[in-house]
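Which chain is which? The protein sequence lines are A and B, in order. When the letters of the first sequence are read in order and numbered with my numbering, they come out as residues 1338 to 1697. When the letters of the second sequence are read in order and numbered with my numbering, they come out as residues 2 to 123.
Derived by calculation from the structure, the hints in this document are not laboratory data. Take the hints with a grain of salt, since some may be wrong.
Simulated restraints, written as ranges between beta carbons of each label pair [what the hints assert, rightly or not]:
#1 B:Ser-78 x A:Asp-1520: 17 to 25 Å
#2 A:Ala-1365 x B:Asp-27: 53 to 61 Å
#3 B:Ser-86 x A:Asp-1563: 23 to 31 Å
#4 A:Ser-1657 x B:Glu-90: 16 to 24 Å
#5 A:Ala-1598 x B:Met-2: 56 to 64 Å
#6 A:Leu-1385 x B:Ser-86: 22 to 30 Å
#7 A:Gly-1566 x B:Val-115: 41 to 49 Å
Derived DSS-like pairs: lysine-lysine, alpha-carbon spacing no greater than 30 Å straight-line [what the hints assert, rightly or not]:
#8 B:Lys-22 x B:Lys-107
#9 A:Lys-1466 x A:Lys-1423
#10 B:Lys-22 x A:Lys-1466
#11 A:Lys-1423 x B:Lys-22
#12 B:Lys-107 x A:Lys-1466
#13 A:Lys-1423 x B:Lys-107
Ideal Cβ positions, reconstructed from N, Cα and C, are used throughout, including at glycine.
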Amino acid sequence: MIANTVLIWTAGAIALLAIGVGVLTLGASVWIYYIQGRSERVQTDLRLELFERLFADDPDWNGWIVTLSRVERDRLRVLLDEYLRKLRGTEHSRLRELASAIGILDQAMRNVDRGRHPFRALTWLALLKEPVDPDRLTSSGMTTPQLRAGAARVLYESDHPDASAIGTNLIVDSESLTAFGLDTLYRLNNGIETPLLTRLAEEADSWDEGLLVQVLIVLRYCNIGDVHGRLDWLPPLLTHTSPRVRAAAVGVVERHGWRGAYQSQIDIGTLLEDSEVAVRRDVYLLLSSWNTDRSAAWLRWAIATADETDGLALARAHMSHPRTDVTNSPAWLAPFVDWVLADEAVGRRRRMWGVSAAWS
Amino acid sequence: MTHEIVIADDDDTIRDIVEFKLSGGDRSVTAFENGRECWEYLESSDPPDLIVLDIMMPGLTGLQVLERVREADSLSSVPVIMLTSRGREEHVVEGFERGATDYMTKPFSPNELVARVSSRLR
């Protein structure tokens, strides 16, 4: 009898609990739905107002901001983040004034000084292109690769006169680079100044393999001004013990070593006999980009000595070199030549008629 | 005489800004949010005076639309300005090789876009 009573009470308690949880869940869902809907409506209205003021003769940001609620100010920050990434010029300057009026700039500077949400603060400073003293940027300790890249990005975006040198040193002081760090390093070194060349000349042999490969890949994509005498560190890397480093070094030679003085320093014969397929493939690419009789002769030699493992890469290189004739290639290469031709035809059709998914 | 400008960009904000800045006076703007709709319009309407294309769009990319424009007899001479976040040297070169008249990278200055459009419409 007592056991039955306990069972009934327990079941009742569980049922009540379940009903309570259900009601609470439903209530929370309705509340969240309401808040989100309100937030979206607020943002839509704010977007229209921001848009009109942005292109008006006088945006009167201060007069507008005092009329906004806290929720509206929060949503305005989201919009500012979006617009600052998409615009530059006059409109960017106006958005910067708005960010300053709403307190974003002061807050970002305070947070950088205190080390509070530092990456978010650095992101705002970079978006606003705010000039900040490098010592101040790093005073609270740049403890992670992401933060160092963030500080470098602020210097780059604000056109600091020493951005390239200081930013590069900040970024390559990491054991490995983040995607954001790679992108920032490329921006800092793409152009007349290329402090990476100096760092590589001084330290390439002491760097960790992963960092060295990443830096070489960045350098491959950079446009470099005068490289005279600044690539002397490169040939030794072509015989590095790591195949990844050798392949990345060949990539740098392919992009920047086309000058006659560098071409003569490269031992193509040794590279063509490299045990690593990735290295040989990049050497074929390199030779196809050098429009010289010597590079054509090396390609013909490679075709005469290589096997089918390299067939596709060799066929591509052979066909894109202006001084080699594909009709004279050996019979074993013919299927690979056909494959490259078919692949190029598909590529042309794709470009014209959008055969593939269209994102590129 | 009104100049018609066709723009295609899948980013609402960019599309709104470009439409706002380029409309008015002697210019009218027809905007699309993807490359396929833009091409279908171009194929079936009178040639516009200028086209502004993003590259990375669903349906057809801006480069695919550009190639079709250059292949079509009625559209081949229409100026096309690419407005894209693809800003590396090889991207710009590829854009011009495919027939772009001008190339602007994002983030962009709306005033600069207006100036470039105006110079092409003179």
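How the hints compare with the structure:
no.	hint	in the structure
1	B:Ser-78 x A:Asp-1520: 17 to 25 Å	violated (38 Å)
2	A:Ala-1365 x B:Asp-27: 53 to 61 Å	holds (55 Å)
3	B:Ser-86 x A:Asp-1563: 23 to 31 Å	holds (30 Å)
4	A:Ser-1657 x B:Glu-90: 16 to 24 Å	holds (19 Å)
5	A:Ala-1598 x B:Met-2: 56 to 64 Å	holds (58 Å)
6	A:Leu-1385 x B:Ser-86: 22 to 30 Å	holds (25 Å)
7	A:Gly-1566 x B:Val-115: 41 to 49 Å	holds (46 Å)
8	B:Lys-22 x B:Lys-107	holds (16 Å)
9	A:Lys-1466 x A:Lys-1423	holds (13 Å)
10	B:Lys-22 x A:Lys-1466	holds (24 Å)
11	A:Lys-1423 x B:Lys-22	holds (15 Å)
12	B:Lys-107 x A:Lys-1466	holds (16 Å)
13	A:Lys-1423 x B:Lys-107	holds (6 Å)
In the structure shown, a violation is registered for the earlier hint numbered 1 alone.
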